[in-house]
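Engineer: The residues making up each chain are set out below.
Number of protein chains: 4
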Amino acid sequence: MAHGYVSDKERYLARLKRIEGQTRGIHRMIDEDVYCIDVLTQISAITSALENVALALLDDHINHCVRHAAEHGGKDEIDEKLNEVNAAITRLVKS
Amino acid sequence: MAHGYVSDKERYLARLKRIEGQTRGIHRMIDEDVYCIDVLTQISAITSALENVALALLDDHINHCVRHAAEHGGKDEIDEKLNEVNAAITRLVKS
Amino acid sequence: MAHGYVSDKERYLARLKRIEGQTRGIHRMIDEDVYCIDVLTQISAITSALENVALALLDDHINHCVRHAAEHGGKDEIDEKLNEVNAAITRLVKS
Amino acid sequence: MAHGYVSDKERYLARLKRIEGQTRGIHRMIDEDVYCIDVLTQISAITSALENVALALLDDHINHCVRHAAEHGGKDEIDEKLNEVNAAITRLVKS
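Chains as they are written, first to last, in my numbering: chain P, 1 to 95; chain Y, 1 to 95; chain F, 1 to 95; chain B, 1 to 95.
It is worth saying that the hints were derived from the structure and are not from the lab.
Any given hint might turn out to be false.
Since copy identity is lost for identical chains, a pair holds within one copy or between any two.
[Said to hold, decoys possible] Below, simulated DMTMM-like cross-link-like pairs (lysine to aspartate or glutamate); rule was C-alpha separation at most 25 Å, straight line:
| no. | residue 1 | residue 2 |
| --- | --- | --- |
| 1 | Lys-94 | Glu-20 |
| 2 | Lys-9 | Asp-59 |
| 3 | Lys-94 | Glu-51 |
| 4 | Lys-17 | Asp-59 |
| 5 | Lys-17 | Asp-60 |
Computed from a prediction, not measured in an experiment: that's the story for all the values here.
Here chain P stands alone, though its shape is the one from the complex (with noise of 0.2 Å):
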């Protein structure tokens, strides 16, 4: 069964494409010397923008992985999934 994402991989893409930029951007702005307030900017614009794209992925990935199992798999696979899930949400509450 194709993740929940693959029906907007495209965007996916683009987005991710473009925080790749911002963080080779970063790396630039060090090499620059670029006063530190400037990069501390940009590094929150990043990491917003990375949990924006994770926030995203969960949606997905719940409403197509976690329903698919809930709705046809077996008391193992919805457990499976849902402790999946758990620690995800947990990992991004905590990073």
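With the hints as your guide, set chains Y, F and B onto chain P.
Structural biologist: Just chains Y, F and B now, kept in the frame of chain P:
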């Protein structure tokens, strides 16, 4: 006056190069239809790595730029530096 | 149907009673002019404790309410439950 | 020397009294078997409120205690104050 991080520049550049590579890795994971949970795990790792870079930069900034201003600068310069730091902390906490 | 947390209610009530006491403790610290850094340390402890309660509640909710809806509910009920969960996760991550 | 927040003490005490009441409110919600999602919404509101109190305290602390040390203190006192601030920022970001 050189920024606080300049004395540690090579280490920052190496850390950022690694994060850039990790971000490219996520792009590849999505491109190769890797399971959502594994992608989410990788994003949490990058968010934490970025957060640690930001905390280190902030530490350097406070210990050098802010400290220098407080020791040698006039009232206006100190006000400006402290306002900048507080705004950077808020962005970091809220991102 | 009883909510997911009901089976663990006493433990939640005890944890929340402790957090309430800690919050009252901060009020007292400010009232008694305790050093700022010590107050900040206590606030970080409470924020983490609240976050852990939220993660536990979310875990219970997903494992009971969401699971029950997915196994026995119609499309609309499942949609509603999943949208609620995703909104709760976003609030938790962004707070 | 009075701490940074002392000039704003009444406002801090009022905010903390409100947060304490909100925490008691969550206890009551659990006690009365309120729906999980509604409890989670309230916890996110309290976490944000606590975070804002912490940011305000940190702002006051930096603008008064740290500033005073940097302007009038010796090297050791400044080192101590800056290390404290950086540790407090890390706790706040990581909690």
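Engineer: Does each hint fit the structure? Answer for all of them.
Structural biologist: Taking the hints in turn, this is what the structure says about them:
For the identical chains of this complex, Lys-94 and Glu-20 are neighbours both inside a copy (23 Å) and across copies (22 Å), given an alpha-carbon limit of 25 Å. For the identical chains of this complex, Lys-9 and Asp-59 are intra-copy neighbours only, at 14 Å inside a copy versus 28 Å across copies, given an alpha-carbon limit of 25 Å. Proximity of Lys-94 to Glu-51 under the C-alpha cut-off of 25 Å is found in both arrangements, the shortest distances being 12 Å within a copy and 9 Å between copies. For the identical chains of this complex, Lys-17 and Asp-59 are intra-copy neighbours only, at 21 Å inside a copy versus 30 Å across copies, given an alpha-carbon limit of 25 Å.
Proximity of Lys-17 to Asp-60 under the C-alpha cut-off of 25 Å is restricted to the intra-copy arrangement: shortest distance 20 Å within a copy versus 30 Å between copies.
Comparing the model with each earlier hint shows no violations; every hint is respected.
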